[in-house]
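If you read the protein sequences in the order shown, they are chains A and B. For the first sequence, the working numbering begins at 25 and goes up steadily by one. For the second sequence, the working numbering begins at 3 and goes up steadily by one.
It cannot be assumed that every hint is accurate.
As the list claims (entries may be wrong) - To spell it out: a stretch of chain B is covered by chain A in this simulated footprint if at least three of its residues, at any positions, have a beta carbon under 8 Å from a beta carbon of chain A; those stretches are: (1) 162-169; (2) 176-183.
Unchecked claim - The calculated lysine-lysine pairs, modelled on DSSO-like cross-linking and capped at a C-alpha distance of 27 Å, are: (3) LYS463/B / LYS113/B; (4) LYS562/B / LYS464/A; (5) LYS597/B / LYS467/A; (6) LYS597/B / LYS586/B; (7) LYS597/B / LYS451/A; (8) LYS30/B / LYS393/A; (9) LYS373/B / LYS552/B; (10) LYS319/A / LYS487/B; (11) LYS460/A / LYS597/B; (12) LYS451/A / LYS570/B; (13) LYS552/B / LYS393/A; (14) LYS451/A / LYS162/B; (15) LYS463/B / LYS467/A; (16) LYS162/B / LYS464/A; (17) LYS426/A / LYS512/A; (18) LYS393/A / LYS162/B; (19) LYS319/A / LYS463/B; (20) LYS451/A / LYS552/B; (21) LYS162/B / LYS460/A; (22) LYS464/A / LYS597/B; (23) LYS113/B / LYS319/A; (24) LYS467/A / LYS582/B; (25) LYS30/B / LYS113/B; (26) LYS562/B / LYS319/A; (27) LYS319/A / LYS373/B.
What the hints assert, rightly or not - Here are some, though not all, of the chain B residues that point toward chain A, as calculated from beta-carbon distances under 7 Å: (28) MET26; (29) THR65; (30) ASP68; (31) ASP74; (32) PRO78; (33) ILE143; (34) GLU146.
Keep in mind the hints are simulated off the structure, nothing from the lab. For glycine and all other residues, C-beta sits at the position ideal for the given N, C-alpha and C.
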Amino acid sequence: MDNILSILVFFPAIAGLLGFVVDKESARSYGITVTAIEFFLSLWLWFSFDMNNAGMQFVELIPLIPDMGISYYLGVDGISLFIILMTTLMTLIGMASMGETKNIKNMIITLLFLEMTMVGVFVALDAIIFYLFWELSLVPMLYIIGAWGGPLRIYASIKFFLYTFTGSLIMLVGMLFVAFLYHDISGVWSFAITDWYALDLPVNYQLWLFAAFFIGFAIKVPMFPFHTWIPYAHGQAPTIGSVILAAVLLKMGTYGFVRFSLPMFPDASVMAITPIAVLSLIMIIYTAMIAYAQKDMKQVIAYSSVSHMGIIMLGLFAMNAEGLSGSVFQMLSHGIVSGALFMLVGMIYERRHTKLLSEFGGLAAVMPKFAIIFGIMLMASVGLPLTFGFVGEFLVLLGFYKVSPMITILAGTSIILGAVYMLRVMKLAFFGPLDKEENKVLKDLNARETWSLIPLVAIVIWLGVYPKPVLQPIDNSVKALLTFMHDKARTDEAKDMIKVAKSTKEAK
Amino acid sequence: MENLVYVALFAPFVGSLFASLFGMSERKMFVGYVASALLATAFAASATLAYNLFTTGEVIHVTMMDWISAGDISIPFGFVIDQISVTMMVVVSFVSTIVHIYAIGYMDHDKSFNRFFSYLSAFVFSMMVLVMSDNFAGLFIGWEGVGVCSWLLVGFWYHKPDQAREDNPSISPSWAANEAFIMNRIADLGMLVGIFIIYWNTGSLQYDEVFAQIPYLSDTILTTAAIALFIGAMGKSAQFPLHTWLTDAMEGPTPVSALIHAATMVTAGVFLVIRANPLFAETPEVSFFIASLGTFVAFYAASMALVERDLKRIIAYSTLSQLGYMFAAAGLGAYWIALFHLAAHAFFKALLFLGGGNVMHAMHDELDLFKMGDLRKKMRGTWIYMTIASIALAGLPPLAGFWSKDAIIETAFNEHTYILWIMLVITAGMTAFYSFRQIFLSFHGEDRHTALGFHPHEMYKFVLVAMSPLAVLAIITGWFMGAYKGFIYQLGEGVQYEMSEHTHHLATYLGLIVIFFAVSGIVIAYLKYARTGEKAWKRNEEVEQGFFYKLLKNQYYVPKFYEEFITKPYAMISEVFWTKIDLKIVDATVDNIAKFFYSTGDKTRAMQTGNLSNYLNWMAFGGVLLLVIAAISAMIG
Numbered sequence: 025m026d027n028i029l030s031i032l033v034f035f036p037a038i039a040g041l042l043g044f045v046v047d048k049e050s051a052r053s054y055g056i057t058v059t060a061i062e063f064f065l066s067l068w069l070w071f072s073f074d075m076n077n078a079g080m081q082f083v084e085l086i087p088l089i090p091d092m093g094i095s096y097y098l099g100v101d102g103i104s105l106f107i108i109l110m111t112t113l114m115t116l117i118g119m120a121s122m123g124e125t126k127n128i129k130n131m132i133i134t135l136l137f138l139e140m141t142m143v144g145v146f147v148a149l150d151a152i153i154f155y156l157f158w159e160l161s162l163v164p165m166l167y168i169i170g171a172w173g174g175p176l177r178i179y180a181s182i183k184f185f186l187y188t189f190t191g192s193l194i195m196l197v198g199m200l201f202v203a204f205l206y207h208d209i210s211g212v213w214s215f216a217i218t219d220w221y222a223l224d225l226p227v228n229y230q231l232w233l234f235a236a237f238f239i240g241f242a243i244k245v246p247m248f249p250f251h252t253w254i255p256y257a258h259g260q261a262p263t264i265g266s267v268i269l270a271a272v273l274l275k276m277g278t279y280g281f282v283r284f285s286l287p288m289f290p291d292a293s294v295m296a297i298t299p300i301a302v303l304s305l306i307m308i309i310y311t312a313m314i315a316y317a318q319k320d321m322k323q324v325i326a327y328s329s330v331s332h333m334g335i336i337m338l339g340l341f342a343m344n345a346e347g348l349s350g351s352v353f354q355m356l357s358h359g360i361v362s363g364a365l366f367m368l369v370g371m372i373y374e375r376r377h378t379k380l381l382s383e384f385g386g387l388a389a390v391m392p393k394f395a396i397i398f399g400i401m402l403m404a405s406v407g408l409p410l411t412f413g414f415v416g417e418f419l420v421l422l423g424f425y426k427v428s429p430m431i432t433i434l435a436g437t438s439i440i441l442g443a444v445y446m447l448r449v450m451k452l453a454f455f456g457p458l459d460k461e462e463n464k465v466l467k468d469l470n471a472r473e474t475w476s477l478i479p480l481v482a483i484v485i486w487l488g489v490y491p492k493p494v495l496q497p498i499d500n501s502v503k504a505l506l507t508f509m510h511d512k513a514r515t516d517e518a519k520d521m522i523k524v525a526k527s528t529k530e531a532k
Numbered sequence: 003m004e005n006l007v008y009v010a011l012f013a014p015f016v017g018s019l020f021a022s023l024f025g026m027s028e029r030k031m032f033v034g035y036v037a038s039a040l041l042a043t044a045f046a047a048s049a050t051l052a053y054n055l056f057t058t059g060e061v062i063h064v065t066m067m068d069w070i071s072a073g074d075i076s077i078p079f080g081f082v083i084d085q086i087s088v089t090m091m092v093v094v095s096f097v098s099t100i101v102h103i104y105a106i107g108y109m110d111h112d113k114s115f116n117r118f119f120s121y122l123s124a125f126v127f128s129m130m131v132l133v134m135s136d137n138f139a140g141l142f143i144g145w146e147g148v149g150v151c152s153w154l155l156v157g158f159w160y161h162k163p164d165q166a167r168e169d170n171p172s173i174s175p176s177w178a179a180n181e182a183f184i185m186n187r188i189a190d191l192g193m194l195v196g197i198f199i200i201y202w203n204t205g206s207l208q209y210d211e212v213f214a215q216i217p218y219l220s221d222t223i224l225t226t227a228a229i230a231l232f233i234g235a236m237g238k239s240a241q242f243p244l245h246t247w248l249t250d251a252m253e254g255p256t257p258v259s260a261l262i263h264a265a266t267m268v269t270a271g272v273f274l275v276i277r278a279n280p281l282f283a284e285t286p287e288v289s290f291f292i293a294s295l296g297t298f299v300a301f302y303a304a305s306m307a308l309v310e311r312d313l314k315r316i317i318a319y320s321t322l323s324q325l326g327y328m329f330a331a332a333g334l335g336a337y338w339i340a341l342f343h344l345a346a347h348a349f350f351k352a353l354l355f356l357g358g359g360n361v362m363h364a365m366h367d368e369l370d371l372f373k374m375g376d377l378r379k380k381m382r383g384t385w386i387y388m389t390i391a392s393i394a395l396a397g398l399p400p401l402a403g404f405w406s407k408d409a410i411i412e413t414a415f416n417e418h419t420y421i422l423w424i425m426l427v428i429t430a431g432m433t434a435f436y437s438f439r440q441i442f443l444s445f446h447g448e449d450r451h452t453a454l455g456f457h458p459h460e461m462y463k464f465v466l467v468a469m470s471p472l473a474v475l476a477i478i479t480g481w482f483m484g485a486y487k488g489f490i491y492q493l494g495e496g497v498q499y500e501m502s503e504h505t506h507h508l509a510t511y512l513g514l515i516v517i518f519f520a521v522s523g524i525v526i527a528y529l530k531y532a533r534t535g536e537k538a539w540k541r542n543e544e545v546e547q548g549f550f551y552k553l554l555k556n557q558y559y560v561p562k563f564y565e566e567f568i569t570k571p572y573a574m575i576s577e578v579f580w581t582k583i584d585l586k587i588v589d590a591t592v593d594n595i596a597k598f599f600y601s602t603g604d605k606t607r608a609m610q611t612g613n614l615s616n617y618l619n620w621m622a623f624g625g626v627l628l629l630v631i632a633a634i635s636a637m638i639g
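Okay, chain A solo, but in the shape it has when bound:
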């Protein structure tokens, strides 16, 4: 399977097209089958991945418009590999757990197209292909929020679309300018990201380009102050929309920083450390406080998502392997954990048709299984050691401590504030007396719900206890990235700041 990546990208799309002729009754099982196959394909990708190779693997390169240097160019490294795995897993589980019954066939087809665009973003090594998938991913999500959303769905979906689209356009201008510069220097056109890496840009060019890419990525992450689309999107989206949005779509932003900004503009990245750290701090503290004030359970998770993305952003700019590997690892754990939390909130919403915390209380007595799984995910979310959530958060904070102890201590309040808002949810929803009549008759998780959550619980514990199989390939690629950045950096400040791991130095 030389073209495994192409299969991974287009299999769901082709299956989606075929889905139009599938019978309505069997649409769900069709969708689950397709996403399951897709997931096993991505597992196969992992098993055939060479763990010791830090570079791009499974590369496919087909020139599309040779005159313009645009080619169909795919590849994965340790960083993108696991994001792809998480994407296929969360699509599968999201679909399997889905309680939606309205227009189920359309939903399945939309999801399959969405899966194509998501996988496409993470395997693309050509800027145009990347941009294509990046923008295409907006359409299915627009449709999911707009068609299956709550009362404010039109406003929420348009806001989501226009906001992220505006950002992407500025990023596109940046991309075109990079291509222009490449042509200026080398005399040929190329949109291959790996070619762009070789570009040695003056610092002021780097800064402008960094800013252009930053807008595109920051809105997607979403960074403060560009985050206000997310409460609406989550508030209105159906459960499956929120799961995919939180687990995968947000990671596109942080992935963009790793794939483009850091290796292409190392000097600008180093200069951006302080501003980005300040924005990340605001994300971590300010949104954690907003999460505490929420009355709606889903909004708590939505804002907590922003807060956790702040930690990821901080790690990306730690400029050492500890922080950067931790950050990539945290992308995965946040994907799984927040995805699971959104699923859990969706399950209670289906039962009670409300997400207001004031409507609950004492649920642990009637829904023990639900409470236990929620509790485990809560603990992973607040970063308890031996759960998935701890490893990334610990490494990020550890890594950033080298950059700035003060900022790290402030960012570390995330472990306190996270506990504050999550424990509040636990207390209001699950503890206390069971005093509402409607809640006394609630049914605990059924088999479908339980079995879609158990794999996530297993992953949360497995990768908390033994993160090595995932962390090691990530770490290899991250070390290579840092070495590359260090060698490429022009200014002495940047060279000082970017830390090449000792093990890499010894290997030389």
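Could you slot chain B onto chain A? The hints should help.
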């Protein structure tokens, strides 16, 4: 021997998993038996390891597997069995076993019996990880693990509703659980920072590698690392100002209070200071601060216990106070004395708590001492146990507390920190007073409970029998202080501490002073609370309205202060951030930009009149505008 390490570590874990299999079904007695048996196994393994270490002096070091490695950091799951950790292992597994057996009787009417054992064994597992780890990150795993188990167990009766602070100072079990967790997390941040400092300056988190590098590190680094780690210790061991959670944690079932909030978890902070003694020994300022804070907390907590009416809260205050003693010793450099007091305290305090549990069980969860009195006739065994524990706590010879506490007080004298010494001596008197105030109010004096409709009965026989080893140890532990000294001295110079010649001469007099204070405390308590008939104790409302009484009763208004100045403002600011800033400013700006484009388009639509001369006008206007721009840019450029 390596296998025994894993047995000691994982037996409680297996017990927890086993119990959790039945977590959702109704009470099954065998769950309690199996969990207790596994705990006993862990104790047997720990004891064997201790014996082996005692006879051969061989420190065992095992590495199970890798945990986290990224960049240059590499953290294994590694465990070390040396004199310090083995002491903790034996104490933890021993007290846990007894508490497990006790809980079979105590929790027998609870519908969540199985769930209780699953949590309790999970706690023991976390505690074992905490004490056995050979690196700071492993310690942190256990550190957070015991925090979560404590959260689960304090909030065990989660269904209870919130009450006003005036009616119940701990509000509700779930509230108290959250308070404990969050307050510990605040301290854990300090601990994490300490770990970061250590990693970036030594490149490792393994104890032996870190301690080997201490001579090469600057004072500033050592001091900041020591402060950061001690902040972590302050949370777990509930030192001022992070102490309020401990008394509120008494909302949990009594076996939990005995095991977690008296004997084991709360001593983790002391353990950390002892474990990292090479670091703290190099930072005399921080160590002196620890000793001073410990002394202060010893006194401060004892003062609050003087007026408390709630049986469990009195014991909680005394725990707090004794933790202060341990920190005083550790801060003054007498690490092994701190560790010895930790062990002795674990035995007599667990006994005291379990006795308190018997009283609670008999009195249908009533904890108010003012509603008891004269219980000794109905609960003879419990009375004997609690009296033994109280004598040990008060520090009268020849019971355990005398030897260990007296050594701490003597250390304060030996270090010429006379202010600390005086405070510790006075606190010893207060300790004796409040311990016996509690004994006399509950077991002696006039019978006040019958009139209120209570019909107390003694606890099950097997529970009393299970408690007996603790009673024996509460009596005899002190006699083995010399032997223990020999054992721990094998570890090396770091933990060795000897009184100077001068102190040695005065030792008898110093001891007599302490005994004098303790006996006076007991006598005063007896005269005031234990008598019957004419001179029987009566409530004095006037005293209870006095300033000092109210100050102590309200815990110096510290919880109130936290509520008014931290909790409420935090909620208020969060609300403002959300409604005023995020919605009204950040989001409104975005919407206004969008509206601006929309309305601009809407208005400029008027240009499209379809009238050709209008279009020509606009064209001319545009042409002029471009020319002006070109001219200006030419002038600037």
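Quick rundown of the hints versus the structure:
Interface restraint, the stretch 162-169 of chain B with chain A: holds (3 residues with C-beta to C-beta distance below 8 Å; minimum three). Residues of the stretch 176-183 of chain B with a Cβ under 8 Å from some Cβ of chain A number 4, which satisfies the need for three, so the listed coverage holds. Distance restraint check for LYS463/B and LYS113/B: the Cα-Cα separation of roughly 22 Å lies within the 27 Å cut-off, and the hinted pair is therefore satisfied. A C-alpha spacing of about 35 Å is found between LYS562/B and LYS464/A, which places the hinted pair above 27 Å, so the restraint is violated.
Between LYS597/B and LYS467/A, the direct Cα distance comes to roughly 46 Å. Violation of the 27 Å bound is thereby established for this hinted pair. For a cut-off of 27 Å, the pair hint linking LYS597/B to LYS586/B stands: about 15 Å separates their Cα positions. Distance check on the hinted pair: LYS597/B and LYS451/A sit about 41 Å apart at the alpha-carbon level, beyond 27 Å; violated. Straight-line distance between C-alpha atoms of LYS30/B and LYS393/A comes to about 19 Å, which keeps the hinted pair within the 27 Å bound.
A C-alpha spacing of about 20 Å is found between LYS373/B and LYS552/B, which places the hinted pair at or below 27 Å, so the restraint holds. Restraint check for LYS319/A and LYS487/B: the C-alpha separation of about 58 Å exceeds 27 Å, so the hint is violated. Annotation: proposed proximity of LYS460/A to LYS597/B is violated, straight-line Cα distance about 43 Å (limit 27 Å). Between LYS451/A and LYS570/B the CA atoms are separated by roughly 17 Å; this keeps the pair inside 27 Å, and the hint holds.
Restraint check: the Cα-Cα separation between LYS552/B and LYS393/A comes to about 45 Å, which exceeds 27 Å; the hinted pair is violated. With a C-alpha separation of about 11 Å, the suggested pair LYS451/A and LYS162/B falls inside the 27 Å cut-off, and the hint holds. Using a Cα cut-off of 27 Å, the hinted pair LYS463/B and LYS467/A is violated, with the two alpha carbons roughly 42 Å apart. Pair hint LYS162/B plus LYS464/A holds up; C-alpha atoms about 16 Å apart against a cutoff of 27 Å.
Proposed proximity of LYS426/A and LYS512/A is supported: the alpha carbons are some 21 Å apart, at most 27 Å. This hinted pair checks out: LYS393/A and LYS162/B have alpha carbons roughly 20 Å apart, not beyond 27 Å. Taking the CA atoms of LYS319/A and LYS463/B, the gap is near 51 Å; set against the 27 Å cutoff, the hint is violated. Restraint check for LYS451/A and LYS552/B: not satisfied, since their Cα atoms lie roughly 31 Å apart, outside the 27 Å limit.
Distance check on the hinted pair: LYS162/B and LYS460/A sit about 15 Å apart at the alpha-carbon level, within 27 Å; holds. Between LYS464/A and LYS597/B the CA atoms are separated by roughly 47 Å; this puts the pair beyond 27 Å, and the hint is violated. Restraint check for LYS113/B and LYS319/A: the C-alpha separation of about 32 Å exceeds 27 Å, so the hint is violated. Taking the CA atoms of LYS467/A and LYS582/B, the gap is about 39 Å. The hint is violated against a cut of 27 Å.
In summary, the hint linking LYS30/B to LYS113/B is supported, as the alpha carbons are separated by about 10 Å, within the 27 Å threshold. For the given pair, LYS562/B sits about 25 Å from LYS319/A by alpha-carbon distance, which is consistent with the 27 Å threshold. About 42 Å separates the Cα atoms of LYS319/A and LYS373/B, which puts this hinted pair outside 27 Å; it is violated. Annotation: MET26/B was flagged as interfacial toward chain A, and the flag holds, the nearest CB pair being 5 Å apart, inside 7 Å.
Contact between THR65/B and chain A, as hinted, is not supported at the beta carbon level, the nearest pair being about 14 Å apart and thus beyond 7 Å. With 7 Å as the threshold, the beta carbon of ASP68/B comes within range of chain A, its nearest partner Cβ sitting at about 6 Å, so the hint holds. The interface hint given for ASP74/B holds, since its Cβ lies 5 Å from the closest Cβ of chain A, which is under the 7 Å cut-off. Checking PRO78/B against chain A by beta carbon gives a least distance of about 11 Å; that is not within 7 Å, so the hint is violated.
Because the closest C-beta pair between ILE143/B and chain A is about 4 Å apart, less than 7 Å, the hint holds. For GLU146/B, the interface hint holds, the least distance from its beta-carbon to any beta-carbon of chain A being 5 Å, beneath 7 Å.
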